[in-house]
Amino acid sequence: MTIGEKLRNAREENGITLTEVENETKIRRKYIVALENEDFDVLPGKVYVKGFLRNYARFLGVDGDALIVEYEELFPRPAVEPVMEKLTPTNFEKPAKSRRGLLAVVAVLFVGFMIYWWGSAAMLRDDIAGEDQEQNMPAGEDNRGVGSEQDPATGEQNPVVPGIDPAQRGVNVVLQVTDKDCWMQVVVDDSSAFEGLVGPGITKEFRGDNSIWLKLGDAGAVRVSVNGNDYGFLGELGSVVTRTFEIGEDGGNAIGG
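By the count of the numbering used here, the sequence shown reaches residue 319 at its end, each step adding exactly one.
A portion of the hints provided could be inaccurate.
What the hints assert, rightly or not - Listed next, the in silico DSS-like pairs over lysine-lysine satisfying Cα-Cα at most 27 angstroms (straight line):
(1) K266 - K108
(2) K68 - K88
(3) K112 - K92
(4) K242 - K68
(5) K68 - K266
(6) K242 - K92
(7) K68 - K277
(8) K108 - K242
(9) K88 - K266
(10) K266 - K112
(11) K92 - K68
(12) K112 - K68
(13) K277 - K108
(14) K277 - K88
(15) K242 - K277
(16) K266 - K242
(17) K277 - K266
These aren't lab readings, by the way, just hints derived from the structure by calculation.
All chains, please: the whole structure from these sequences, using the hints.
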């Protein structure tokens, strides 16, 4: 008996309609029909197939893990064949003229490096001497006024340096799965951070310097919070949603797009 036949027989034996399955599992009707007909190309990908198989089987009281094992046997991952590099013999015998030419090139490069190093060292000494002179000079009136505050006790000018609260820098995304399994994919600063199925009651947190891109297989099952701001649910149950959260132009709070 095939995977689809096991699912259909279990549903019909329990007297459950496709509409009831859709309402209870939040799996779209066309995906349920595709699972029973084993038309797996209709589903978005293998991760969705396994996730929907597990949820549908759990609802029908069927062993979902056994169905997933059977599915992976039918559609195994393609094996990667090792690529063997062809090694060509190297002739290590160099003519005497080539060796002499190589030594001459090395000598010229060495002399050029020494000249460059000596000139750089002299410039560095001049820069250090100039900085010492500037530090020893008394501060004039031109260095006061703009961007400073006067200490009432000492009369000295204290510079005021604006900045951004370090706690608000970057993008911090918290994903809280409620009462349904949800497959999700997260990319942090253009690098893959997570991809897989997350169960109910589990919370995932991701932090990036510039941006966080996420894709939710069931947007109605995940509550999203960004930098402490509650975005709630990004979509309805069963809907697939992608969203990008980027840091603001001032380096502060993240904005979603």
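Hint by hint, here is what the structure shows:
Proximity of K266 to K108 is assessed by CA-CA distance (about 22 angstroms); at most 27 angstroms being required, the pair is judged to hold. Distance hint between K68 and K88 is fulfilled; the C-alpha atoms sit about 20 angstroms from each other, no more than 27 angstroms. The straight-line distance between the Cα atoms of K112 and K92 is roughly 16 angstroms, inside the 27 angstroms bound, and the hint therefore holds. Using a Cα cut-off of 27 angstroms, the hinted pair K242 and K68 holds, with the two alpha carbons roughly 23 angstroms apart.
As the CA atoms of K68 and K266 are separated by approximately 34 angstroms, the hinted pair breaks the 27 angstroms bound. For a cut-off of 27 angstroms, the pair hint linking K242 to K92 stands: about 19 angstroms separates their Cα positions. This hinted pair does not check out: K68 and K277 have alpha carbons roughly 31 angstroms apart, beyond 27 angstroms. Taken as a hint, the K108 and K242 pair is honoured in the structure, with Cα atoms around 19 angstroms apart against an allowance of 27 angstroms.
For the hint pairing K88 with K266, the CA-to-CA distance comes to about 22 angstroms; that is within 27 angstroms, so the pair holds. For the suggested pair K266 and K112, the alpha carbons sit about 21 angstroms apart, so the restraint of at most 27 angstroms is met. Pair hint K92 plus K68 holds up; C-alpha atoms about 18 angstroms apart against a cutoff of 27 angstroms. A threshold of 27 angstroms between alpha carbons decides the hint, and for K112 with K68 the separation of about 15 angstroms falls inside it, so the pair holds.
Taken as a hint, the K277 and K108 pair is honoured in the structure, with Cα atoms around 15 angstroms apart against an allowance of 27 angstroms. A distance of roughly 18 angstroms separates the Cα atoms of K277 and K88; the hinted pair therefore holds under the 27 angstroms criterion. With a C-alpha separation of about 16 angstroms, the suggested pair K242 and K277 falls inside the 27 angstroms cut-off, and the hint holds. Between K266 and K242 the CA atoms are separated by roughly 15 angstroms; this keeps the pair inside 27 angstroms, and the hint holds.
Of the pairs offered as hints, the one joining K277 and K266 holds, with about 13 angstroms between alpha carbons and a cut-off of 27 angstroms not exceeded.
In this structure, the earlier hints numbered 5 and 7 are contradicted, and the remaining ones agree with it.
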